[in-house]
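So the sequences go chain by chain: A and B.
Its first residue numbered 1, the first sequence is counted upward by one per residue in my numbering.
Its first residue numbered 1, the second sequence is counted upward by one per residue in my numbering.
Source of the hints: derived by calculation from the structure; they are not laboratory data.
It is possible that some hints are incorrect.
[Said to hold, decoys possible] Pairwise CB distance ranges, derived in the manner of DEER restraints: (1) A:Gln89 <-> B:Thr26: 35 to 45 Å; (2) A:Arg86 <-> B:Ile40: 44 to 54 Å; (3) A:Pro28 <-> B:Ala49: 26 to 36 Å; (4) A:Leu122 <-> B:Val64: 42 to 52 Å; (5) B:His105 <-> A:Pro74: 21 to 31 Å; (6) B:Ile36 <-> A:Ser123: 52 to 62 Å; (7) B:Val64 <-> A:Trp11: 17 to 27 Å.
[Claimed, not checked] Going by beta-carbon spacing under 10 Å, a handful of chain B positions derived as facing chain A: (8) Ala5; (9) Gly52; (10) Leu63; (11) Arg71; (12) Ile77.
The beta-carbon is built from N, C-alpha and C at its ideal position, and this holds for glycine as well.
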Amino acid sequence: MITGTTRRPHWSSGRALLAHLVILLWVPGCLAAAWWQATIAMSGNALSYLYAIEWPAFAIFGVVVWWNFLHDDPEAHGNRRLSVLRRRQRPVDAGEKVAPASYRASEEDPTLGAYNDYLEQLSRQDRPKTWRRQ
Amino acid sequence: MSVPARFRSMDGALKRYRFMAYTVGTGLLILVFVGIPIQIWGHSKTVVAIVGPIHGYLYLIYLVAALDLARRAKFGIGRLLVMISAGLVPFVAFIIERKIEKSMHAELGEHVDSSGPAEHR
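Make a model of the complete structure from these sequences and hints.
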């Protein structure tokens with residue numbers, strides 16, 4: 001477990017506020033659509049009864065997604081970001097193998113070159129960049 | 001190589017999602033490319049009246065299957081929104097279903113690799 005980090009509550013972070021805004025538009029929108037279909041159904045279109053039931057179901061679905069979004073596991077969120085980074089990193093890594101590090105080291109100060117090679121080697125180990133735990 | 005239990009629970013959710021993606025995708029194709037032309041040029045609402053509500057309720061089941069998969073596989077909101085909107089555009093459900101399946105297999109491979117012996121790296 002990651003403890004001791006000061007994480008802002010899910011309810012007031014930027015992405016949470018955006019989610020509140022979306023759900024505040026979504027639910028009344030669905031209910032308005034349900035009401036609209038209900039009035040059509042009342043005026044004689046039997047099909048619209050089905051749609052009048054369906055729209056509140058979409059509203060409920062939206063609330064469930066919103067709730068899930070706010071209760072997202074922070075670790076899972078971090079893992080997703082990490083796997084996106086890894087996917088972007090891979091083609092770069094493959095390209096770097098073509099360009100020899102020794103070439104660059106000869107241009108630079110040898111100490112700096114060795115240090116850069118060390119950093120490169122660390123980054124190739126393909127592990128989460130964190131001091132917390134492995 | 002043994003597969004962790006949480007990946008096995010995702011497998012069922014993936015199968016349910018894929019089944020619903022095919023069902024909803026086919027239903028939408030019938031609605032858009034058969035029902036609506038008949039309604040416009042054939043002046044008959046029969047196909048739309050039957051397929052429309054069925055598709056609507058199947059889409060609701062598709063949404064539940066997509067949400068279930070997203071929860072188990074810990075997808076982000078972005079991927080869930082893509083899955084939701086895939087059921088609304090003709091043909092896209094099939095494409096997204098393929099992408100989701102491929103990416104899940106890739107991620108599964110990644111996880112199995114990193115827990116495996118060192119010589120695999």
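Evaluated hints:
1. A:Gln89 <-> B:Thr26: 35 to 45 Å: Given a distance of about 38 Å, which is inside 35 to 45 Å, the answer is holds.
2. A:Arg86 <-> B:Ile40: 44 to 54 Å: For Ile40 (chain B) against Arg86 (chain A), whose Cβ atoms are near 49 Å apart, the range 44 to 54 Å holds.
3. A:Pro28 <-> B:Ala49: 26 to 36 Å: The hint (26 to 36 Å, Cβ to Cβ) holds, given that Pro28 (chain A) and Ala49 (chain B) are roughly 29 Å apart.
4. A:Leu122 <-> B:Val64: 42 to 52 Å: Once the Cβ atoms are compared, 44 Å apart, the range 42 to 52 Å for Val64 (chain B) and Leu122 (chain A) holds.
5. B:His105 <-> A:Pro74: 21 to 31 Å: About 26 Å separates the Cβ atoms of His105 (chain B) and Pro74 (chain A), which means 21 to 31 Å holds.
6. B:Ile36 <-> A:Ser123: 52 to 62 Å: holds, 54 Å
7. B:Val64 <-> A:Trp11: 17 to 27 Å: With a Cβ separation near 25 Å, Val64 (chain B) and Trp11 (chain A) satisfy 17 to 27 Å, so the hint holds.
8. Ala5: Violated, because the Cβ-Cβ distance from Ala5 (chain B) to chain A comes to roughly 16 Å (cut-off 10 Å).
9. Gly52: Constraint on Gly52 (chain B) satisfied, holds at 7 Å.
10. Leu63: holds, 5 Å
11. Arg71: Given a least distance of 6 Å, the restraint on Arg71 (chain B) holds.
12. Ile77: holds, 5 Å
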